[in-house]
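Respectively, the protein sequence lines represent chains S and V.
The working numbering numbers the first residue of the first sequence as 26 and each following residue consecutively.
The working numbering numbers the first residue of the second sequence as 26 and each following residue consecutively.
Where hints are given, some of them may not hold.
When chains are identical, the list treats them as one kind, so a pair holds in a single copy or across two.
Claimed, not checked - Straight-line Cα separation of at most 25 Å, DSS-like style, residue types lysine-lysine; simulated pairs:
| hint | residue 1 | residue 2 |
| --- | --- | --- |
| 1 | K271 | K66 |
| 2 | K271 | K225 |
| 3 | K63 | K225 |
| 4 | K63 | K271 |
| 5 | K225 | K66 |
| 6 | K204 | K225 |
| 7 | K271 | K204 |
| 8 | K204 | K66 |
| 9 | K63 | K248 |
| 10 | K248 | K204 |
| 11 | K63 | K204 |
| 12 | K248 | K271 |
| 13 | K248 | K225 |
For the record, the hints were derived by calculation from the structure and aren't laboratory data.
2 protein chains.
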Amino acid sequence: MNDASQETVEAHVSSDNAPDTIDAFFARLGNTAEDLPKRLKQFADFIAANPDRVAVSTVAELAQGADVQPSAVMRFCQEMGFTGFSQMQRLFRSSFSQKWPDYSTRLEKLREHGTESPSALLAEFVEVGRASLENLMATVEPRALQQAVDVLARAETLHLVGFRRAFPVTSYLAYAFEKMDVPAVLHSGIANINMDHLIKPNDAVIAVTFAPYTQMTLDIAEKARETGADIVAITDVVTSPLARFKAIQLLVSELDVGAFRALSASLSLAIALAVSVGAQRNKTN
Amino acid sequence: MNDASQETVEAHVSSDNAPDTIDAFFARLGNTAEDLPKRLKQFADFIAANPDRVAVSTVAELAQGADVQPSAVMRFCQEMGFTGFSQMQRLFRSSFSQKWPDYSTRLEKLREHGTESPSALLAEFVEVGRASLENLMATVEPRALQQAVDVLARAETLHLVGFRRAFPVTSYLAYAFEKMDVPAVLHSGIANINMDHLIKPNDAVIAVTFAPYTQMTLDIAEKARETGADIVAITDVVTSPLARFKAIQLLVSELDVGAFRALSASLSLAIALAVSVGAQRNKTN
DNA sequence: TCCAAAATGGAATTTTAATTCCAAAAGTGG
DNA sequence: CCACTTTTGGAATTAAAATTCCATTTTGGA
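Please work from the sequences and hints to get the whole structure.
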């Protein structure tokens with residue numbers, strides 16, 4: 026009760042004007058910075074130069090960084106229209122990881138509205154695909170990718186393992202490698218013939234699997250590890266069971282629409298990997 | 026004595042090893058995730074999927090996000106070798122500013138360094154994929170898409186035809202239809218067994234092919250047309266030979282990097298089509 | 001040079017979050 | 001089926017950080 030009434034009052038007072046986007050914040054900062062008192066200006070300059078620190082620092086840390094007192098930081102925040110530092114920090118924190126969260130809400134909306142038109146659904150997949158691609162650039166470690174290419178370029182024969190949802194990825198890899206004359210075996214599971222024993226110590230396996238992980242993929246990976254073959258894993262998270270096999274991990278976090286994913290990111294990663302390997306192999310030949 | 030020796034042990038245990046880089050952390054996570062108790066594993070998965078949240082969230086927020094108790098978060102942190110959450114968060118915060126530069130800046134940097142590294146190639150595919158997706162929305166006629174969905178929802182059995190470069194598309198369709206209990210046959214060409222004669226008048230064929238067009242796809246489409254089955258074509262241009270068969274055409278113009286394409290647009294279109302068909306079929310049931 | 005207003009530093013207080021602790025529940029091996 | 005260990009949830013405690021307050025200093029105008 027007490028809290029509620031207090032909050033109402035505070036909200037009213039601050040409804041005044043608190044920037045609600047980072048851009049609005051910096052616009053305001055640009056306008057008012059000139060006629061701020063010395064210490065506040067000093068702090069404003071620091072923020073302008075180190076905007077990324079706001080989200081992950083305490084008042085004391087920022088104060089020390091800008092060489093001002095913590096109370097000066099508080100005054101600055103209030104000067105900028107916030108009720109305090111916490112509110113300002115909330116803004117900086119939310120702007121950082123906003124890409125992801127609001128997709129899950131959008132997804133719910135889609136579920137509520139049912140299936141709508143096919144075009145709307147297509148738009149959804151396109152949108153999610155674009156976000157996934159963008160994210161791909163952030164999550165794939167250039168070093169790991171380079172390492173994967175090296176390993177695959179050195180290997181004798183490549184083995185492509187991935188079933189169900191991952192099969193489009195491996196089958197496309199098979200196509201690409203064939204076009205580039207790279208010896209690659211697509212483990213298809215046809216006729217329940219186990220191709221494990223084809224894997225030789227000098228070979229390498231590209232294992233593709235996403236949660237829920239396909240057991241057969243894990244089995245083949247294990248066999249490969251025992252044989253001594255290298256493993257490159259295209260999977261979704263580091264806690265993937267493929268981690269056990271000392272694989273070189275390439276992580277793809279693909280957003281989904283309902284129960285399905287567009288696979289855009291996974292395929293892009295796969296084809297980039299394939300082309301790089303093909304190029305490196307044909308160079309050394 | 027007793028106390029002294031105990032303290033020594035404790036000190037030894039805690040100086041143990043706390044990961045001092047993000048990479049080390051995730052390496053350790055990958056190793057130990059397997060044999061973590063249920064709730065801790067649950068939280069580990071959440072962290073693996075949302076690593077960027079750790080730097081800017083409180084224990085309570087993360088706990089809520091992973092749907093575990095705050096104390097479980099603490100236990101997890103200790104299990105990973107930290108003294109507590111604060112220490113772990115410090116690690117994530119220290120590497121925060123390095124991730125701050127977003128996708129577009131990262132891409133520019135890669136561009137400058139030339140097209141040598143695999144990462145640069147990946148960036149190329151990502152960029153091209155995004156453009157293709159954008160283009161897709163423009164080239165696909167909502168009316169044609171709706172028409173295709175109607176036809177496929179009415180059909181008895183669906184036949185998925187597409188080879189070589191188009192095979193990832195048809196195999197993903199097969200996966201999607203299976204998951205939605207829609208009867209669909211993937212024409213795989215295995216063992217050179219011709220599955221033409223499976224196509225009945227009330228069936229429909231989804232034919233996928235891009236230049237240079239695969240003859241077998243055209244042959245099956247022709248057979249289907251003779252039988253009286255409907256044809257939905259996913260292809261690249263209106264002059265595609267599939268046009269001859271009075272097919273409903275869905276056009277995808279996929280940009281390429283060198284001789285290869287990322288297939289992002291084709292797969293997005295395919296999955297949107299599949300989900301729409303599945304929804305419409307299960308609605309009428 | 002003096003006064004009033006504004007600004008500042010730092011300690012005191014309040015709020016919030018991290019951490020510990022313990023009883024209850026869920027497994028496990030005999 | 002029982003004793004014993006591990007795991008879990010949630011409350012209690014402790015630590016840390018945000019925020020306020022006020023005495024002191026600085027600034028600018030008469």
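Legend entry - Status of K204 relative to K271 across identical chains (alpha carbons, at most 25 Å): neither (30 Å within a copy, 32 Å between copies)
Inset, instruction - First find the shortest C-alpha distance between K63 and K204 inside one copy, then the shortest across copies, and answer within, between, both or neither for a cut-off of 25 Å. - result: Intra 28 Å, inter 46 Å, cutoff 25 Å: neither.
Legend entry - Homomeric proximity label, K225 with K66: Cα distance no greater than 25 Å: neither (50 Å within a copy, 34 Å between copies)
Inset, instruction - Could you place K271 and K225 in one of the four classes (within, between, both, neither) given a Cα distance threshold of 25 Å? - result: within (17 Å within a copy, 50 Å between copies)
Inset, instruction - Measure nothing new, just compare the shortest in-copy and cross-copy C-alpha distances for K248 and K271 to 25 Å and report within, between, both or neither. - result: Answer is within; shortest intra-copy Cα gap is 13 Å, inter-copy 50 Å.
Legend entry - Homomeric proximity label, K63 with K248: Cα distance no greater than 25 Å: neither (55 Å within a copy, 27 Å between copies)
Inset, instruction - Evaluate K204 and K225 at a C-alpha cut-off of 25 Å and name the case that applies: within, between, both or neither. - result: Cα proximity of K204 and K225: one copy only (23 Å, versus 35 Å across).
Legend entry - Within, between, both or neither, where K63 and K225 count as close if Cα-Cα is 25 Å or less: For K63 and K225, the Cα distance exceeds 25 Å both inside one copy (50 Å) and across copies (37 Å).
Legend entry - Intra- versus inter-subunit Cα pairing at 25 Å for K63 with K271: For K63 and K271, the Cα distance is within 25 Å only across copies (23 Å; inside one copy 56 Å).
Inset, instruction - Pop the pair K271 and K66 into one bin, within, between, both or neither, using alpha-carbon distances up to 25 Å. - result: Between copies, since 20 Å is at most 25 Å while 52 Å is not.
Inset, instruction - Please work out whether the CA atoms of K204 and K66 approach to 25 Å or closer within one copy, between two copies, in both situations, or in neither? - result: Neither, since 27 Å and 42 Å both go past 25 Å.
Legend entry - Intra- versus inter-copy proximity for K204 and K248 (alpha-carbon distance at most 25 Å): Neither: 28 Å inside a copy, 29 Å across copies.
Consistency note: the structure conflicts with the earlier hints numbered 3, 5, 7, 8, 9, 10, 11.
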